[in-house]
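K.L.:
Here the protein sequences line up with chains Z and H, keeping their order.
Those letters in the first sequence? Residues 1 to 402, by this note's numbering.
Those letters in the second sequence? Residues 1001 to 1156, by this note's numbering.
Just so you know, these hints were derived from the structure itself, not from any lab.
Hints may contain errors.
What the hints assert, rightly or not - Covered by chain H, per the in silico footprint, the following chain Z stretches (three or more residues, Cβ under 8 Å):
(1) 148-160
(2) 270-278
(3) 328-340
Cβ atoms here follow ideal geometry from the backbone N, Cα and C, with glycine treated the same way.
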Amino acid sequence: MTAIRPAFLALALAGAQSTPQCGSSSTTPTTPTPSTTTLNMQSVVVNSGPNNDYVNGLFTSVTVCVPGTSTCQTIGGILVDTGSSGLRVLSSALTINLPQQSASDGSPIVECAQFQDGFTWGPVRTADVKLAGEQASGVPMQAIGSPSFATIPSGCSSSGGTAENSLDTLSANGILGVGLFRDDCGAACASSGSSNPGFYYSCPSSGCRIIAQAPANQLQNPVWMFASDNNGVMIQLPSVASGGTASLTGSLTFGIGTQSNNGLGSAKVFTTDAAGNFTTVLSGQSLGSSFIDSGSNGFFFLDSTATGLPLCPDTADFYCPSSSKAFSATARGANGTTATINFSIDNADTLLRAVRFSVFGELGGPNAGNVDFGLPFFYGRTVFTAIEGQSTAGGNGPYWAY
Amino acid sequence: MRGRVHRLTVAALVAFACFPRAASATLGGDASSIDADRVRMQGALLRISRTDTFTVHEIQSATGTAIRQYVSPSGTVFAVTWQGPWMPDLRQLLGAYFDRFQRAAAASRRSRRGHGPLNVDDGEIVVQVGGHARAFAGVAKVPRLVPAGVRADAIR
């Protein structure tokens, strides 16, 4: 809570510094500069997104280039997601031809990425990725929903939810996964046989089959591939009044304690388990699978019985209490650090009646077994996401700090 | 009531026949399929526990995800839960209910207003999925098949 006032100051700076980055639709060649002066901040916005249907969606722009060339494209409406790792862009939003990643036999590699509400299917391409003044070269990324790979293997569609392969189903032009991990799957996807969870497929013309994909060839969190400011990200957003607001502007800053604008300050470090989770004590229950996810649009926790909050009459996704109800959760990192997190949940049907608003700090719903601190958690906070194996002044990632 | 259960069992068996790479028994199917199926799924039976109102078969899938199948005294799988690093094969776990689940998931997308956990309730099947890569959890149940006296928080 004490971090809010400095956050506002930084936001003003962020807006001023990053406007040329985000307003521009073309890129200009840059000469290498010392890391101490690398522009490491770009603006982010919470609005209804490119499909005009999102609430509590955090969006930014990403520039992708054909590796080693100045053939580049800047794409807006990209969802900023601390709950995943790796860049994914709708094939329909790409206008440049990024090279296809191939298996050892030359067959194209196509990915099926599992998310809690569905999956994305599309080929792995390679790009130079530019964010603010940072660049990651030769980054494996996903081109979601490519017509060249229109047939989704049954093993992929069996992984839950529905395909999120179009603007209408993704509600974004892409996802920028800046989460706790260097890659989007890790050792499991590098294994052979039945222990492989089936993210990566080799797709010759005869049909797709699951392959073992080495971590370095998996989708990479572009941040850890930067030359500097590569140990994590800092996200700052202003606080939101009850009842919500139309939109918000904040900042996405690369690096933790690498420059004068991204120090941990008074933030507490909460290390995670190997899966990226910490523990939350809430409504008398201790929940070990808790995470902070800017890509989720509410606080998602427990159920109606445990919270005393009825579901909305027209949707099982959100709570609809008769009036706003306050909760006090205790977060505990793997390192034993604890903090109290206070938040409130109001009636989603009532909130969402404000049709011109896209920002609601009191939106929440049920969750089977996890506590998902979604984007409303970020409002009025400075939140750090430190990447696994990367060194910071607060220790090695993976951790959250706020 | 018996007739309905029997039809569901037949539907589940048909689903098995269609998907030979079985991962586990199906929702609405009968308990006798669980054991034969475990052999095929290259998983390990962790334990079988019994209460007065149901039996739980807990299986560890080859990808490390724990799957619990809740079986009624009449031998019907009325709920399935999972927790672990990766999503289980829901087509297999939900059996005859899978297509219905996918339709309901697609229909609920508009009201979600973005991304987050999945909460599907179409009046016949209830499915919740939450988490992220490396840590997923979920529950699927058919309330109509849940034996009387089983509390909602007993299925997790």
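K.L.:
Taking the hints in turn, state whether each one holds.
P.N.:
Verification of the hints:
no., hint, result
1, 148-160, "holds (count 6)"
2, 270-278, "holds (count 4)"
3, 328-340, "violated (count 0)"
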